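Here the protein sequences line up with chains U and W, keeping their order.
Under the numbering used here, the letters of the first sequence match residues -11 to 651, in that order.
Under the numbering used here, the letters of the second sequence match residues 677 to 972, in that order.
The reader is advised that the hints may include incorrect statements.
[To be verified] Under 10 Å between C-beta atoms, here's a sample of chain W residues computed to sit facing chain U:
| id | residue |
| --- | --- |
| 1 | Cys712 |
| 2 | Val714 |
| 3 | Ser730 |
| 4 | Val733 |
| 5 | Pro735 |
| 6 | Arg745 |
| 7 | Ser760 |
| 8 | Tyr784 |
| 9 | Ala811 |
| 10 | Ser865 |
| 11 | Phe868 |
| 12 | Ala876 |
| 13 | Cys877 |
| 14 | Arg909 |
| 15 | Cys921 |
[Stated by the list, open to error] Pairs of lysine-lysine residues, derived as PhoX-like cross-links and limited to a Cα-Cα distance of at most 20 Å, are as follows:
| id | chain 1 | residue 1 | chain 2 | residue 2 |
| --- | --- | --- | --- | --- |
| 16 | U | Lys434 | U | Lys301 |
| 17 | W | Lys751 | U | Lys422 |
| 18 | U | Lys422 | W | Lys732 |
| 19 | U | Lys434 | U | Lys422 |
| 20 | W | Lys740 | W | Lys751 |
| 21 | U | Lys112 | U | Lys152 |
Everything labelled a hint here was simulated from the structure, so no lab data went into it.
Quantities reported herein were computed from a predicted structural model and do not represent experimental measurements.
Just so it is clear, CB atoms sit at the ideal spot from N, CA and C, and this is done for glycine as well.
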Amino acid sequence: MDLHLIPGAAPTDLERAAVDGALGPPDSGWDGGERRPKLDGHIAHGGRDARARRHLLLPALHALQGRAGWISPGALNYICQRLTVPPAEAYGVATFYSMFSIEPRPATVVHVCDDIACRIKGAKELGAEMEKSLGPAGSQAHRGNAPGKSGSAHGKTGGAMWLKSPCLGLCEHAPAVMFQVAGGKPAASGPRAGDATGDWTLAPARTADVLAGITGRRALGRPRGASTPQTRTGAGGADRASAGAAPLRLLRRVGRVDPESLDDYRAHGGYAALRRALALGPEGVIREVTDSKLMGRGGAAFPTGRKWDAVAKQPAHPHYLVCNADESEPGTFKDRVLMEEDPFALVEAMTIAGYAADCARGYIYIRGEYPLALARLANAIEAARTRGLLGDDILGSGFRFDIEIRRGAGAYICGEETALFNSIEGLRGEPRNKPPFPVQVGLFGKPTLINNVETLVNVLDIVVEGGPAFAAIGTAQSSGTKLFCVSGCVAAPGVYEAPFGATLADIVKLAGGVGAGRTLRAVLLGGAAGSFVTPDEMDVPLTFEGTRAIGASLGSGVIMVFDDTVDLQDTVLRIAAFFRDESCGQCVPCRVGTERQEEVLHRLADAAAARDGRRVPAAATEVALLDEIGQAMRDASICGLGQTAAGAAQSAIKKLGLFGGGR
Amino acid sequence: MSDPQATSGARASEPAGTQPACRARGVVALTPVNVCRVCVVEVEGSRVLVPACSRKVEPKMVVKTDSERVRLSRKMVLEFLASSVDLSCAGAQVKGWMERYRARPERYGPPKAPAAAGERDAAHPGHHEPSHPGAASTVAQLVKLDNDLYVRDYSKCILCYKCVEACGTDAQNTFAIAVAGRGFDARISTEFANPLPDSACVYCGNCIGVCPTGALMFKSEFDLRRAGRWNERKQTVTDTICPYCGVGCTLQLHVQDNRIVKVTSPLDHSVTSGHLCIKGRFGWQFVQNRPEGCKE
Ligand SMILES: Cc1cc2nc3c(=O)[nH]c(=O)nc-3n(C[C@H](O)[C@H](O)[C@H](O)COP(=O)(O)O)c2cc1C
Ligand code: SF4
Ligand code: SF4
Ligand code: SF4
Ligand code: FES
Ligand code: FES
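Start from the sequences and build out the full structure, keeping to the hints where you can.
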């Protein structure tokens, strides 16, 4: 390939510094540096070595966006030159992610969550306030740093705009916003530099705090344990031991341990599991995980032991470990809470997984909207490295392993495992066809073990207590405990841990139930990719098999509760918009199907509104069409996004009788 | 790969165990990306349908090629495409499939007005306002006319990725175009949607050669069509060898009214696999530079 750059576009000094911050300084004139007159004519550049740097594209784009606030043609040119990536492809990658902008925009962009949990907790009102201060969503009327406009002209907004955002993973504190702030200092060199970020989140987001945030005044963070009502003692929180409740396992340290201190983590039992694992040996660890009957918590419920064993046995090397921390399913926030409050647990668990499956390196792929979890994990990895708990000779065992963080940039689809690999590799986050499966051909084409955050953290107890002890918790087919993300119309939203087998009613009760004088209307189980269940299905045991029996699924553990005040039709329309927005666009059934599904639902909603609640005559044809759209998406889409995109809408029509569909 | 012409109907409904469809049509030069899903079949033991074009045949595989599920998905994919993309140049075969599967694209309502100039190129990933009901979203937009050799009419683009493959690793290794944006806003684009002359394009025309829908088209063909003078029945195709270099690519000259109107190369040709360079593809004007008054 002959690299053809955009004519006449050069990076500014700031852009160059941002990219160099992520990639290190250039080697020669060939990759964008100073041309060395005597030398550069005599060296070869390109080929495999140059192309092997493609995986640095995402970190480089992040560094640029974080520093300059947008991806300019000149800056893209420079990245392309540094990494030997064709500009058309780099552009294709940059335009895939919602956190990147290919137009100049203000330094501060406020992403106001407009998704299902926040909509019922005042997101629309917050949006109206934002509109008053900053103009319509996406409008750049107030961009202070736009070329030719001076910042001061915009007074106290100081150059800001706002956008509507899909779920920010803060649903228990709805409504939520994220501030994406450009202009921070460049971090030290190396790919990690992309991790430095000026971004921050605010939830619950009160209008006054958001407006103060725009002018640079950050509101105070949440107190420890704010997301886990079960860990609170005294006022408001249940004293679990005296109440005779099952002990917390995954949440054991949450709210108690200092998430930034390795010593405190150790004082709370940290790193006992890794020692035990090193004593058991890789096969021993895999045996325990298999015996535990642990099933993946990322949504697909695949037996974890089988996956570990399959990767360990792959002859091709190196093996990679990937922790899926993309958590973008609307209504899901459990992984965020684990990473924010107990980050060392994930680092330790990944080290054990890497040891068992003989992985050369681990990656954490974390969604871009989790700046606090990102910072805590980065700190934990650094601390572990300093103490010899990561690196060349872990705990003197000779085992060598390290972890790198990769930050997503606003794309739900990158949680799909093969899309995630592509994203890390610097490609568009489009899912791959399976087979081959990740255990054979995964990240960088190598055997890859990919697990969800919660799945991995479970391994700590499994290794310490042994697989059979773990298998004894929960039900025969669903072992252990599960984290449930309870949000919506309950008294105490948050992450709740319960052994598999607790019923939906149990968990809703734990969270305080719906408000006084309100009646339960529906629960969205499993997130946008899940389905609605009705008040008469509340006795369903929350197990993989129990939910399957009523045609639902646990998914990522979302329990979003709706009472009779909620406009459920609006909820369903938002879910349809979500899938339309988040489809990668690769395959026809999903790319066009999600669009058509949204159109038909809007037609039905409008018709129903026009007829004031009475049955819509044309509805039967439209509902039948929706059915066919749904079936084609489910059957013919490449990946789980398209395959599940119709589930919630279908259940809303069939079970809840929405959209004039009738029961 | 995802060209309805390449797939389909015909091939995929052959008895189980036949070769993947897309490759069989002679598009041997391209890797199937299997995104169109026209070719889906039911494989016993698989929860979802699988693309016949790329799923490798395994021993004892039981494949159903014409089940109710298969027929429904094929119908829907055809409806989805026909209701959002201009398929008027996609070949008669497509019409046949539409009839066969009883596809009714009009079910989605009248098409929305075409996008304004540059609108689709500027779409932000993850942001859209709800489409207004009663009208179906489409990819209709202005034709990109930015050079003398070929035009890009993305109103006709089914996003099959073939041009991207041909421009990239499967043939040309130029990487002038890629898929940008996502979801329904995904599109084939140069960097920053720059005009082709500013891009890496070397005008090999290999993307035109693989485009199944006429979205990429010789300027000569485009002009004749626009003037209402394009007439394939009046055309002859003459095989010859490219006069320019020692590779000796086979050229097929498409001639109408004694003028060359486009040049292709057979997709299954051992030398070219259908791919040419700018000289063979476009460098034939000299043939018809006859002195004024010279008898044709
Ligand atoms: C559209 C889509 C999004 C997904 N998002 C996530 C996610 O955010 N986190 C996650 O762990 N798994 C997600 N998954 C599931 C992963 O593909 C994969 O099954 C999982 O990471 C495997 O880990 P586990 O076995 O530990 O569950 C998603 C799947 C799909 C289809
Ligand atoms: S189903 Fe949707 S998200 Fe998945 S590959 Fe197809 S278009 Fe992309
Ligand atoms: S003409 Fe050739 S170089 Fe230009 S876009 Fe098409 S395939 Fe690529
Ligand atoms: S332009 Fe043609 S070849 Fe390229 S993706 Fe569109 S339909 Fe396919
Ligand atoms: S944070 Fe708003 S819906 Fe999840
Ligand atoms: S031909 Fe398009 S998916 Fe098979």
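Right, here's what the structure says about each hint:
1. Cys712: At about 5 Å, which falls below the 10 Å cut-off, the nearest Cβ of chain U leaves the hint on W/Cys712 intact, so it holds.
2. Val714: Holds. Min distance 8 Å.
3. Ser730: 7 Å, holds
4. Val733: 13 Å, violated
5. Pro735: 15 Å, violated
6. Arg745: Holds, because the Cβ-Cβ distance from W/Arg745 to chain U comes to roughly 6 Å (cut-off 10 Å).
7. Ser760: Holds, about 5 Å.
8. Tyr784: Given a least distance of 6 Å, the restraint on W/Tyr784 holds.
9. Ala811: This hint holds: W/Ala811 lies near chain U, its Cβ roughly 8 Å from the closest one there, short of 10 Å.
10. Ser865: 7 Å, holds
11. Phe868: 6 Å, holds
12. Ala876: This hint holds: W/Ala876 lies near chain U, its Cβ roughly 3 Å from the closest one there, short of 10 Å.
13. Cys877: Where the cut-off is 10 Å and the nearest Cβ of chain U is about 9 Å from W/Cys877, the hint holds.
14. Arg909: Violated, because the Cβ-Cβ distance from W/Arg909 to chain U comes to roughly 32 Å (cut-off 10 Å).
15. Cys921: 18 Å, violated
16. U/Lys434 to U/Lys301: Given pair U/Lys434, U/Lys301 holds - Cα atoms ~13 Å apart, limit 20 Å.
17. W/Lys751 to U/Lys422: Measuring from Cα to Cα gives roughly 24 Å; hence the hint is violated.
18. U/Lys422 to W/Lys732: 11 Å, holds
19. U/Lys434 to U/Lys422: OK: U/Lys434 and U/Lys422 at ~14 Å, within 20 Å.
20. W/Lys740 to W/Lys751: 16 Å, holds
21. U/Lys112 to U/Lys152: Holds, at about 10 Å.
Checked against the numbered hints given earlier, the structure breaks hints 4, 5, 14, 15 and 17 and satisfies all the rest.
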